[in-house]
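Chemist: Read off the chains here:
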Amino acid sequence: MTRMLGSDAILRSLEAEGVDVMFGIPGGAILPTYDAIARGTTVRHVLARHEQGAGHMAEGYARASGRPGIAIATSGPGATNLVTPIADAWMDSTPLVCITGQVYSHLIGTDAFQETDATGITLPIVKHSWLVQDVRELPQVMKNAFHVARTGRPGPVLVDVAKDVQEAELDFRYPDDPDMPGWKPPTKVHERQIREAAKAIAEARQPIVYAGGGVLNADASAELLAFVEAGGLPAVVTLMGKSCLPDSHPLNYGAPGMHGSKYANWALNKCDLIVAIGTRFDDRVTGKVSAFAPGAKVIHFDIDAAEVGKIRAADIPVVGPLKLALTALTRELKSLQSRDRTVWHAQLQEWRQLYPYKYRRAEGVLKPQTVVECLRDLAAERPEDVVWTTGVGQHQMWAMQYLVCDKPRTFITSGGLGTMGYGLPAAVGAKAARPDASVVCIDGDGCFQMTCQELATSALEGLPIVVVIVNNGWLGMVRQWQELFYAERFAHTHLTKQVPDYAQLAEALGAAGFVVDNEDDLEPTLRAALDSGRTAVVDARVDPEENCYPMVPAGAASVDVIEMPDEEFEHERITG
Amino acid sequence: MSHHTVSVELEDKPGALVRVSQMFARRGYNIMSLAVGPTERNGVSRLTLRVDCSEHSFEQIEKQMHKLVNVLRVTELPPDESVERELALITVSAPPDKRAELIQLGEVFNARVADIGREALTFEIVGRPEELDAFEELVRPHGVRELARTGRIGLRRPGRTQTRRRAASIS
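Each protein sequence line maps, in turn, to chains H and P. Going by numbering that gives the first Met the number 0, the final residue of the first sequence carries number 575, and the count climbs one at a time with no gaps. Going by numbering that gives the first Met the number 0, the final residue of the second sequence carries number 170, and the count climbs one at a time with no gaps.
None of these hints come from the bench; they were simulated from the model. The hints are all genuine.
Taking lysine to any residue and the SDA-like style, the derived pairs with C-alpha atoms no more than 25 angstroms apart in a straight line are:
no. : chain 1 : residue 1 : chain 2 : residue 2
1   : P       : LYS12     : H       : LEU169
2   : H       : LYS296    : P       : PHE57
3   : P       : LYS12     : H       : ARG135
4   : P       : LYS66     : H       : PRO180
5   : P       : LYS62     : H       : PRO180
6   : P       : LYS62     : H       : HIS189
7   : P       : LYS12     : H       : PRO185
Only a predicted model underlies this, so the values are computations on that prediction, with no experimental measurement involved.
Based on the sequences and whatever the hints tell you, model everything.
Modeler: Set out below in structure tokens:
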């Protein structure tokens, strides 16, 4: 027991949880805790320029490291600015511990200055939240908060601490155990379900593994690989799951879904058994649910029982930790004789040959896909790991299609919420988690403008991250929908390529700025940015009219993939 | 669509109830009735919820409820295996010439007269929710001025539960 202030107790709790970095911005109601930071802590603080940035940094940190990300903000606008990252973390099951200051206890409920009901506002998007009004509760709340964020299906939690609690004294001892009788995430898997699953897999003629972000969250990549190889099972991997199974592995057929490949969508739709692992049959993957994989039996592995059977009924549900489940499944599968699947494998390979991702290069125009491919090739040359982050939109889909990620947690993106502006701050967080790795954010021009002030954070922290803006001058994905589904009425999607001048903006914010608008200069420019050793921004001015294909229109069956139309190849282009 | 009654044991903490009701609102499930009160255990409240939804939705509700940190236990109360009760207060227009008739009507349903005024009287009735519905229907023609119901509460029948447990341990 040590006598200390509540504010110090917050920091001692973070230290006890092994936190090495937190992301935040001070303000009135959290000032006592920042004063405690000034008194000393082993936790490094990264000063963001906007609380949304701090939240996405914490997310990037969490996704790159597997440990909960910490975001800290003041009451009122500080807390409301955290809402977007909290919602993002909720949708993508990212462990986040958010700490917000709250007005003095006696002012709560009076509409005091910078008072908002932070726990109320975030209620539908947190796993749990606590409003601390008694300093004696603080250590146990912190213990519980970390426990909830990281156990079961990971996700965000919020600890809202009244200012007087931060200022009050307590006898501090960090508890060894959480105290929540109602929190019982599954820790075991049902052996019988595993046996049934293994039997169904061994007997399937055309099985497909459908792996998602849950595999990464469970740190079960090695177990997934062992399972896939033991059964010789072809797999598709969702956007959120990318990097959970090596992209260059011959059994990995990449991403299904709205902008996934035709072969991955066909594999998933025409199989007779789906082995879903840590994935949730999102509408961006299934398309029209009633038409999705009509002939398939479903085995669904997930830590969250509520995901099993939510969208698609599971013939064999297996609820529990994926690491355990996959290990047991592999063991069981090895003891069984699997069916011969030469024909199925040949079929999948044929589809992969027939329907690769494709685009046409054109004279004098830089294609966005070329930018991504060039980055991929440069990354392959480097000795260190490259961790990618993205914004949301066309560039994100091209990154998904063309990047090769062979190591877990090297592809970090906003999947469920689709939060534009995620990429840059997530890259800052990822770099804080993986200083040994190169971190590259592939961003859109629209996305970049939503959180670009965090360049200052990155530059002043001395983080050599590289942001490559795939600048087509448009809110590209929205433009694509307007072109295809709204008779080319391009309402308010044109941003222009010239304003802002991204290279100058980068320089103004303390980063290095580069511009490239042609294929010849592409590689040297990207190389220079990667080797600059500074926070760098590359303004890659690309074809404004390039659409992202293949595509499954919203609401269509995901087997009905639209390939890039032939006209697209001949299309006369407008540049500028 | 079918009706389901769920009994939820909940930690008696600030905001616990709103987390449950919010989950219903957020996922688009409609709560038909909700009653909250203390239980035999200190610090534990019991919620009895009545929802109208499909089997599939109900399964989702149960699973989503289990994930709430303050929720200790979720049990469905099937009609044939549980006891359900509700209390209603009904103020009915009762001019002096109608009073006797109404009071007699009440007696049939074991409805007690809780209060009596010059032009109206207030019944207090406890029973199965369906009995309350029937009584309400019956007095409606007389003019219901105000009505308040507690919402149903329920428990599993003790006998059946024990029988089942014993059967399970034998087999």
